[in-house]
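*Asks:* The primary structure of each chain is shown beneath.
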Amino acid sequence: MLVNSEFKPWVIFEAGNFKPAMNFLGDFFPPKTTPDFLIEVAAATWRTVAIATAGITLALLLAVPLALLSVQALSISALAGRMGLLPRIVRQILRWIMIILRSIPELIWALIFVRVVGLGPTSGVIAIALTYGGMLGKVYAEILESGEAHTTNALLRNGSSRLQALFYGLLPQNAAELTSYTVYRWECAIRSSAVLGFVGAGGLGQMLDSSMKAFNGAEVATMLLVFMGLVWFADWVSALLRKALG
Amino acid sequence: MRNVSLHIANGEQVAIIGPSGAGKTTLLHTLACALQPSAGGLQLGDVNPWRLTAKQLKTLRGQLFLAPQVPPLPPRQRVVTAVLAGLLPHQSFWASIKSLFYPSNIALADAALTRFDLSEKLFDRVDRLSGGERQRVGLARILASKASLLLVDEPLSALDPARAEQAIKTITGFAHERGATLVCTLHHVEMALKNFPRIVGMRDGEVVFDLVAADVTPQRLHDLYAQHLDELTQAAPLAEFAQPEPFKSASCVPPAMHLR
Numbered sequence: 022m023l024v025n026s027e028f029k030p031w032v033i034f035e036a037g038n039f040k041p042a043m044n045f046l047g048d049f050f051p052p053k054t055t056p057d058f059l060i061e062v063a064a065a066t067w068r069t070v071a072i073a074t075a076g077i078t079l080a081l082l083l084a085v086p087l088a089l090l091s092v093q094a095l096s097i098s099a100l101a102g103r104m105g106l107l108p109r110i111v112r113q114i115l116r117w118i119m120i121i122l123r124s125i126p127e128l129i130w131a132l133i134f135v136r137v138v139g140l141g142p143t144s145g146v147i148a149i150a151l152t153y154g155g156m157l158g159k160v161y162a163e164i165l166e167s168g169e170a171h172t173t174n175a176l177l178r179n180g181s182s183r184l185q186a187l188f189y190g191l192l193p194q195n196a197a198e199l200t201s202y203t204v205y206r207w208e209c210a211i212r213s214s215a216v217l218g219f220v221g222a223g224g225l226g227q228m229l230d231s232s233m234k235a236f237n238g239a240e241v242a243t244m245l246l247v248f249m250g251l252v253w254f255a256d257w258v259s260a261l262l263r264k265a266l267g
Numbered sequence: 022m023r024n025v026s027l028h029i030a031n032g033e034q035v036a037i038i039g040p041s042g043a044g045k046t047t048l049l050h051t052l053a054c055a056l057q058p059s060a061g062g063l064q065l066g067d068v069n070p071w072r073l074t075a076k077q078l079k080t081l082r083g084q085l086f087l088a089p090q091v092p093p094l095p096p097r098q099r100v101v102t103a104v105l106a107g108l109l110p111h112q113s114f115w116a117s118i119k120s121l122f123y124p125s126n127i128a129l130a131d132a133a134l135t136r137f138d139l140s141e142k143l144f145d146r147v148d149r150l151s152g153g154e155r156q157r158v159g160l161a162r163i164l165a166s167k168a169s170l171l172l173v174d175e176p177l178s179a180l181d182p183a184r185a186e187q188a189i190k191t192i193t194g195f196a197h198e199r200g201a202t203l204v205c206t207l208h209h210v211e212m213a214l215k216n217f218p219r220i221v222g223m224r225d226g227e228v229v230f231d232l233v234a235a236d237v238t239p240q241r242l243h244d245l246y247a248q249h250l251d252e253l254t255q256a257a258p259l260a261e262f263a264q265p266e267p268f269k270s271a272s273c274v275p276p277a278m279h280l281r
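Going down the list, the protein sequences come from chains A and B.
Under my numbering, think of the first position of the first sequence as 22, with each following residue one higher.
Under my numbering, think of the first position of the second sequence as 22, with each following residue one higher.
Please note that a few of the clues may not be correct.
[Stated by the list, open to error] Only part of the chain A face toward chain B is listed, based on derived beta-carbon distances under 7 Å: (1) Ala101; (2) His171; (3) Arg178; (4) Gly180; (5) Leu184; (6) Tyr189.
These aren't lab readings, by the way, just hints derived from the structure by calculation.
We put the CB at the ideal spot given by N, CA and C, even for glycine.
Make the full structure from the sequences, and use the hints.
*Replies:* Encoded structure:
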């Protein structure tokens, strides 16, 4: 296995590699904090957050209808025994669409869209929207399925519409889980948009890429700290929202 | 279920009694169009619900109210919203969304809860209530609905005797005022005999007797509960409340249920 994976940890310690690597790592401290660099980082951070947020928003537009249409708990025909044939086919097709969307990693989507719309944040946003749309749709549907169907069924059986049953039965039961999963995915999108920066989708990732290429450890360290800060922030927002929905 | 043949007139009040597993809930669900009979027929008014289009069936479901044994209340919902959910079939989607943020008919919810001595819980969250209070909130939802056929499954299973008496009187009284038909399954035989003019006894999926309350003799009850005499002598076992509802989702009903 080691041979196949060409995993040779000892190359790190070969004279030619070891010194530059150590220099690079040694450069990490102290992180670069000159004002004009920090302004540049702040702008890139803002852009990364914007890419992630725009991507997640578009993903939601995709995921919410997909999840609601595919969730079985809101099926009226399934109330009395087996679900009808047409609804079953529709749900299956929607599930396949979500599989296709999320089976292609956002990096690949980004590479495709960089070819189509050119370098820049647009391709990053579309890439996140497509992959995350599939993921969110699937997990939303599963969260909604996993809770007790009892309250929702009771509403549907008494003649409420599907959307009424969603807002009066299904959502109050699952709102906290849905929110925390969405915020977690937003956090993932921030990380992901950094990776997408490496293929030219802009933001912190692109800056990180050029600093890496220049072996500028101090700059890389600053940017990694910013990433940690962003993830901490997402965590805090999630906790806040969960508490509010308690 | 087999050999079940019932005719229930408009405005009638019927109690279904019988030992656990007799098919009381299944019968109730069949009446509520929640289960489709695999044989035989069901007629509500002059329509066969299973011949209707999906939209007509939904309208029909809006005219009946099935109250399951375990009150269907989301834990994080406020009591007022949970009660007003009884109005949903008669509300437009936007009106019901608006009502989520500002309850549309607080007076109605308050009046319904007052009849169960719960008006002080109006703005509490459901998960702050005790089991008995939850059951009464579930029953208060019936009072908020505009249904003309009320199907109530074990409304007293989590209530103490005094509360049970009050609850059953409130439900029958409300059905009477409204002119609604009421079918109610009950574990508590004494309560059924005292409050319902007509009693249907079920055992092993069959209707054993269908009599006016005065004709239900101790001997008949003894026969009905033959293997389950303990259920006859003691009131509804409280433990039953904690068990999952047997027909939570219609898809888990064994295919062998027949209504002939």
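*Asks:* Would you settle whether the hint for A/Gly180 is holds or violated, based on the nearest Cβ-Cβ distance to chain B being less than 7 Å?
*Replies:* This hint holds: A/Gly180 lies near chain B, its Cβ roughly 3 Å from the closest one there, short of 7 Å.
*Asks:* Close enough to count: is the Cβ of A/His171 nearer than 7 Å to one in chain B?
*Replies:* holds, 5 Å
*Asks:* Going by Cβ atoms only, is A/Leu184 closer than 7 Å to chain B?
*Replies:* holds, 5 Å
*Asks:* Double-check A/Tyr189 for me: the hint is only fine if its C-beta lies closer than 7 Å to a C-beta in chain B.
*Replies:* holds, 5 Å
*Asks:* Taking the closest Cβ pair, is A/Ala101 under 7 Å from chain B?
*Replies:* At about 5 Å, which falls below the 7 Å cut-off, the nearest Cβ of chain B leaves the hint on A/Ala101 intact, so it holds.
*Asks:* Checking hints one by one. Is A/Arg178 an interface residue toward chain B, by the C-beta closer than 7 Å rule?
*Replies:* holds, 5 Å
Checked against the numbered hints above, the structure violates none of them.
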